[in-house]
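Chains A, B and C, in that order, give the protein sequences. Per my numbering, the first sequence starts with residue 1, numbered consecutively. Per my numbering, the second sequence starts with residue 1001, numbered consecutively. Per my numbering, the third sequence starts with residue 2001, numbered consecutively.
Simulated from the structure, these hints should not be mistaken for lab results. Among the clues, some could well be false.
[What the hints assert, rightly or not] List of simulated lysine to aspartate or glutamate pairs, EDC-like, C-alpha gap at most 16 Å:
#1 A:Lys491 - C:Glu2091
#2 B:Lys1049 - A:Asp18
#3 C:Lys2047 - C:Asp2032
#4 A:Lys439 - B:Asp1196
[Claimed, not checked] In silico contact screen, one side only, chain B against chain C (beta carbon under 7 Å); selected entries:
#5 Val1030
#6 Glu1191
#7 Thr1194
Positions of the beta carbon are idealized from the N, C-alpha and C atoms, including for glycine.
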Amino acid sequence: MTDTDHTPVLHPATEPLDWTYATSREAADLVSVAETYGVFYDGDFHKPLSKNYLATINPATEEPLAEVAEAGPADVDRAVASARRAFGGWSQLSGQERAKYLFRIARMVQERSRELAVLETLDGGKPIKESRDVDLPLVAAHFFYNAGWADKLEYAFPGLDPKPIGVAGQIIPWNFPLLMLSWKVAPALAAGNTVVLKPAETTPLSALHFAQIAAEAGLPPGVLNVVPGAGQTGAAVVGHSDVDKIAFTGSTEVGKEIQRRLAGSGRRLTLELGGKGAHIVFADAPIDQAIEGVINGIFFNQGHVCCAGSRLLIQESVAEPFLEKLKNRLETLRVGDPLDKNTDVGAINSRAQLDRIEALVAVGQREGAEMFQPSCALPDRGFFYRPTLFTGVSQSHRIAQEEIFGPVLSVLTFRTPEEAIEKANNTPYGLAAGVWTTKGSRILWMADRLRSGVVWANTYNKFDPTSPFGGYKESGFGREGGRHGLLAYMKAEGL
Amino acid sequence: MSAIVAALPERPSRAAVQAYVGGAPSVDEVAVFERVASLATRSIKKESKMAALELAVTMCDLTTLEGKDTPGKVRQLSAKGIRPDPIDPSVPSVAAICVYPNMVPVAKEALGGSGVKVASVATYFPSGQAPLDLKIDETRRVVEMGADEVDMVIDRGAFLSGRFLEVYEEIRAVKEACGPAHLKVILETGELGTFDDVRKASMLAMAAGADFIKTSTGKVNPAATIPVTLVMLEAIRDYSALTGVKVGMKPAGGIRTSKDAIRYLVVLNETLGRGWMTPDLFRFGASSLLNDILMQIRWLKTGRYQSPEYFTKD
Amino acid sequence: MSDRLDVRKTHKLFIGGQFPRSESGRSYPALDADATVVARVALASRKDLREAVRAARTAFPGWAARTGYNRGQILYRMAEMIEDRAASFSEQIRVGGLSKKMADREVGATVDRLVWYAGWCDKFAQVMGNLNPVAGPFFNISVPEPTGVVGIVAPGAPALLGLVSRMAPALVTGNAVVVVASEKLPLPAVTLAEAIATSDLPAGVVNILTGSPSELIPWLSSHMDVEAIDITGLDGSLVTAAEEASADNVKRVIRSETADGQSPYLIAAFTETKTVWHPKGM
């Protein structure tokens, strides 16, 4: 005993604790970023024949991270030739051997998931808790899932004798760089194709580190090739006559250009494009979980999600209390340093995207919608945007029609299920929709009528390698995930 | 402030109570688990961790509810509650010592003017299977004997068979019998089966006058869980929006580690905000939790991992 | 020679269950293998095509909402109606120069094809749908749904079997179609319309236009209210132009290797996969 005169601290405490969590920053040096990166083909990195490099920056600090080769037509040509050379051997390898390569890659991704998560956050601005808890686990899962198909393809498609298509050109976006890589690379390789992958210009690093992993896994040279660059590099991949299949994820505008470009070529195409997801909440919904669903639907990954629930359709009878709860919840979102493990909303991916969000929000204000933003402080540097809510929105407003691809939610109301369906479907897009109601038969009634590739009922933004994902209408065609996803990389009589 | 449900009138009819309970929104279990899992990834470090641990100590209802309880045991527990860590005087006292009715006078005497409250279980804890007049009588007696706080159990049988008015009136009657003592209403969530019913029972208990709603007796498995606590906190939030009344929350049973305690506080902080971060409105019903918190506090202060043998077991 | 004057059929379009002439008032001669005019058929205009798309759009939701069992019954009925007119069909096919034996065989194959697809209506979702074993407490199901309004360019030949082979898989899951018939051999398509009209198929689910693909396809492929187009029957520069125009609304373009194949994967080509998630909780 050191102190016999202990006076108890009296209950009750005088003031409630003002508990602000201290910063808990993931160490940026968990990953070593090289100064420069080349073009990856023939199993190795090469200096770009184009001699051009593009800087990739950390959008949270605006500081440069690395100089990355900008692959020109000659570089793309080398990469395609590398993929072509590798195709014969890879496609004739037994399915089981191909499977084992992919399993091995899945394991290596798991082993290095922490560093890859940090890299993803550094290069793209997404909160570390999302890279760590969503992106990386799903990346590994996609390789595991598709690995197992490689030697079972004849069971995936009854009655077919499916064959790989050849060289797949894959162009992926900046919102989920490594996850989109896995959605494309894993099924393509499982089916026996070889790949030329073009990552997005603002987020090339994880794909290049992945190429290194593939090389370390002993994947035969040429099976996976990575050609970093911007739109022109993508155009070179699309335009290359020795690429047999194009898979693109990105904007509807670019998707249409690609579709035009491939017209008459006989080359295969799948597109995962934009969306303007309707998130429908009925009065009988599990309200507090619906609030979380709506928050997750639009603020997950700063709203840089093609299937984001960017249009909230709330039944009029509960609109007022629901919006009050929603606004209160917005106040608790933690916006800031993406490397802080407690950050909910990270950095906008690029200056250009921030400009676009700001421009569309200005349009929303001009159109007369009422804007709400929480009072949170934003970092002094880097690209950040406050979570934003627009109420009093009508279908005719641009913010109800155009994909903003940012943390901006447009709120509309409806009175009956028919009206909800009419409004939800009243868009050129058809990627995803959400429905919250406790009534089972209504869920099925709604699910039947929503013209969208994914319907999340009493949940939102769920992804799984076994679950096909993709759009109706101008949200694209083809599916990724499940056995449907493999079909995009196979050819056969009758297909 | 608008709300999802409408408030209950002063002397409600059976129909009004049925409608009020039925008006509680449903709860999606999977989404509740997800929300809790997401909040569990909050990374609490350094000063904020120390602040949380000290707060958690002041929120403890240090509990012994056993057939083998003796005056000696209760005296030792009371001493521990007043001064949880004999070698570290900066560690605050707990909120209350929670005992069976027979032990109330012992605890009252042992705690003296320490400021630590005496909480007594009542209403034929833990089953509550007794006539109402006996429950009221028991409540009056424990308050007379010195209980500052009364932890009652609801009649789960009545609730599960849809006799909501009966449950409501019983809580009201016990609340009246409490006089100045604070009333904590135990829902025994482990026997309710679904979160929908937890939410309904929470709304019912608050409308009937509960100062706190509490998860469990500790005699039924599962006892407190973070998901069920979140559901109850959301009900408290709705009730506050509806009436302006701030009701407290007490998860009890099964909370053993400081890591658990911090997770509860994260859920509390993010659901109800700063206003509830006080022992006036949040308690942990626990027995072994306290020592784990003390070990964590010592580790934060010394930078050395601790052995349980250096902390008193009372 | 009989002393009775026969009554000739006017070969019209088939739009929304009606048999209008072309709004343009035009027609063109259908020739046999010797270039003899055997009949005049309506020469559809872009406005006829617009009306056909409108009719298909109107009919689509109701047809898609029918049960698979019901769609199967109707496709089977369609087969019955073709069988019943087998002689007429055979005669019209022979206009193209086929022997009676070959023509009869084509009619028989057409009937059998419809019967085959009729049987798929209540099975396709079982074979192509999935219960997906996701890693979490969710019910997750993928179901095929019809794409919507589908434009079909019927193969030049075989005129009847090709048309039905392209059209039937689209109808199985509930699409509504606008068919541009074989330009050279339009007569079986007109008779097919008459058979369909007595098949209990809701008006507008199938619309058949006779006319010039080079005139009609640019309008069909650029139509913003058409979700998919089957250009198996198209060749040459029209293919590229149709594919280019299809990009305007991200139209699905189907181009099969065979004019008259049959496969459940052809049904799949006219579908969208919808995946529905729901939590499993108490």
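Against the structure, the hints come out as follows:
no., hint, in the structure
1, A:Lys491 - C:Glu2091, "38 Å, violated"
2, B:Lys1049 - A:Asp18, "12 Å, holds"
3, C:Lys2047 - C:Asp2032, "28 Å, violated"
4, A:Lys439 - B:Asp1196, "14 Å, holds"
5, Val1030, "3 Å, holds"
6, Glu1191, "14 Å, violated"
7, Thr1194, "5 Å, holds"
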